[in-house]
Amino acid sequence: MSNAFLQIRNLSKRFGEQVVLDGIDLDIPLKSHTTVIGQSGTGKSVFLKCISKLLVPESGSIRLSDSSGEIPQCAYMFQQNALFDSLTVFDNVAMPLREKSRISKSDLAERVRELLRQLDLEDAASKYPAEISGGMQKRVALARALITSPEIILFDEPTTGLDPQRKFAVFDMIRNYRERFGFTVIMVSHDVPEVFGISDQIAWLDSGKIKFWGSPATLLESPPRDLEEFLDPKLSTETSAL
Amino acid sequence: MIGRIGRKSIGLVSELGELAQFGASSMGSLFGQRHVFEKLFRAMYEIGVRCIPITLIVGLFTGLVMGLQLYYVLTKFSAESLLGQAVALSIIMEIGPVFTAIMIVGQAGSALAAEIGIQRNAEQIDALRTMRINALGFLVSPRLFAALICFPLLTAFFDIVGIFGGHLTGVEMLGVDSGAYWSRIYEGVSIKNIMDGFLKAVCFGFITTIICAFQGYFTHIKASVPGARGVSESTTRAVVLSSIAILATDYLITSFRL
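These protein sequences, in sequence, are chains A and B. The numbers in our numbering rise by one with no breaks, and the one at position 84 of the first sequence is 78. Remember, our numbering sits 51 above the position in the second sequence when you count from 1.
If we strip away everything but chain B, and leave its shape as in the complex, we get (with noise of 0.2 Å):
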């Protein structure tokens, strides 16, 4: 039993080396590549464009909801009028980096893992290197950096459709005045909080990216099984494990930053 925990906690220790080694050498990779900007704008329509439906409509019902739950709370301790705040603050600090990063990781992550994992078993990566084309530059490295731009900039649109959200229930539906909405978050919101939020959203793009890229890269070695339901395994491992870090990781952020 105790034997199990140790190999366990070895195989986990030595896994989070590779994956931290896999990160460095792809963030490493991107200089010396030939078409960099090219690469780099395919993958932020990849990651940033194709996200964005998705973003601005889960961002609007996070907000109404948002907006609906915290009157409710709010007018129990006669509050309401700080309801612009309180949606504001949770969907800046919390809830914008936190749903914006599943989101993406929800299509564009898995899109990565399988699309680098069918590459691993059609041997085009093997097929890469014997053009002396470095794999994680060509494939990793650019969408990684796009997710390094992306994941902030579709953050600050769920933000901003949240908050409107917020005010379509608040204001518009249950009567909270249109001014106290927006001058209480005027007043409550810092830079510190917007900012709080975006560091979040790089470290989850950093993170997510290279877990789903890793998954992908070595589902050779990672899968249980080869061939196509090796890849759906670690598709399926990707998304998983990135919304596991995704929610560890924001822990972490909020813990030290508050």
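The shape of chain A in the complex, shown without the other chains (with noise of 0.2 Å):
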């Protein structure tokens, strides 16, 4: 686990008894797309979560590697997009920097229409929510989480409740902007193996620890005997699929 940009060490996160983060490592290399798989209730949003603050573990540490400091700024890209439907695609945007930078309008309006124009959003920006598409609203709520320039996006299950072609779309707009813009990806994901033609690294999260850390190809030749489990019926509905 070299090339860290981001080191995760020894997290946890119980719910009352319940362990369900049991003392996680895991490097983040810059730049890269890691994807976290597992089954379900395997505590996968929570260590998201838990990266983004909005859980605070029990134990260990996130940090970036070249220094002792803070992590750094990470947008979070909830399932449904958490967008506020009684603001504007504009506003939804401009919101993060509206609220906590001291930009003037002129620059502010400035940066979110080239921003919705990078996205292809031009034609959306007066429009509401709940008046565009699934496909549009993802890549809105990516916008607001760009706004800000983070250096990490967290991915919540961002395919959730899709159809293949869907997926493969959000698929293909995540590694496109990650490549223009140039942010380093964590995504959480049930699209096993769809994921592995996007990611860089596959982390195994199973009873609350990696079982496994490492590039798709690694993973598909010599995978873990218990993951071989998981992934199997996986695999072989998709062949028979094909």
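FYI, nobody ran anything at the bench for these hints, they're computed from the structure. Bear in mind that the values here come from a model prediction, so they are computed numbers and not experimental data.
Keeping only pairs whose Cα atoms sit at most 25 Å apart, straight-line, the calculated PhoX-like set for lysine-lysine is:
no., chain 1, residue 1, chain 2, residue 2
1, A, 94, B, 90
2, B, 90, A, 121
3, A, 99, B, 90
4, A, 203, A, 47
5, A, 94, A, 121
6, A, 205, A, 47
7, A, 47, B, 273
From the two separate chains plus the hints, produce the assembled complex.
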């Protein structure tokens, strides 16, 4: 686990008696795409929420490898986008800067319009989230995440409830914008093996521990035995569908 | 049995503590917010301007009924000339602040609890936190300060319309002398009475806004069911608890100030 940008060490989280994360160690390389996979209820979303500070872990540390300071600014993409439905697309995207910086109105408008243009959302600027498609809502949420130029974006099951075609469209969107904007992605997903195509690293979370960490190629070549059991039904379903 | 009462009591004290902490944090969170006046004016529109019609209507009918009822009571003692004073004192000190607060809770308080509850369920509050935006300062504080301004203002509207309502029935319909009606109000109502009414309005504004926001903000913890039914449960609880709090606070303030 070298070449780390973000170091996660001994991260533990419990809810009452139930241990959800049990001493997780993970290194996230700079500008990489790391996907956390695992069964439902294994604490994948809890892991992301600990990184974003939405949950406070019982123990452990999350820090940059090259400094002893706080973790850098993370943006969080929620499953259901968490857009403010009474605000227009423009206002949703502008919100983080409007509320947290002293940027002038004209500079803010320019920056938001530029970002909307880059994400092909120019025509939707004055619309409300309910008036645009699910895919566009995802892009608006991404635009809102990108407006503060975060170094890390956390994606919490971004393709939940989408059909296969839309899933691939969302994965393409993440890959394209990561390449264009150069942020680091930590994503939680159920979509195995589809996520292998866009991920640089796969982390398999099971029983509160990271049981496997490595590239998708390594995982497919020589998966640990119990991970094989997790992957097998998914891979065989995929094969039969083909 | 005793154990259950004990657990309930501890739960109640604990919830009151959480409520107090929530109120204090909400008060403090306004400072450091950006675009404070814009948020404050928007909240004042929601709580104040939109509640004016219902306040005026209820104030008018309350005054009309008060004029009618008190006239028939006072005639028994041949004291109908005191009608103006009786109507004005009842409305300014008790009925005005209490009815206005209940009307605002019914309209703006329930909307506040439901809106924040839905935002909680849609992860919008978590989204604010991930954007490093103080959720209490963004969602609750402007409404809290707006309530502190709007409750006394709307109470004043209620009082004025209510007193005119009493005049309509007492003077225009039942024949009480108009001069006596107004002079008795002038003689019998002091500045202290008016200030007591406004003090109640400010307290009701603070308490009900905190209760409604608290119920919405913690709908994922407080409601027994998740989702839309949870929000509906939180909204109902917000209105019921606010109404009880208004009456209990009214009793406390009255007993201390009389």
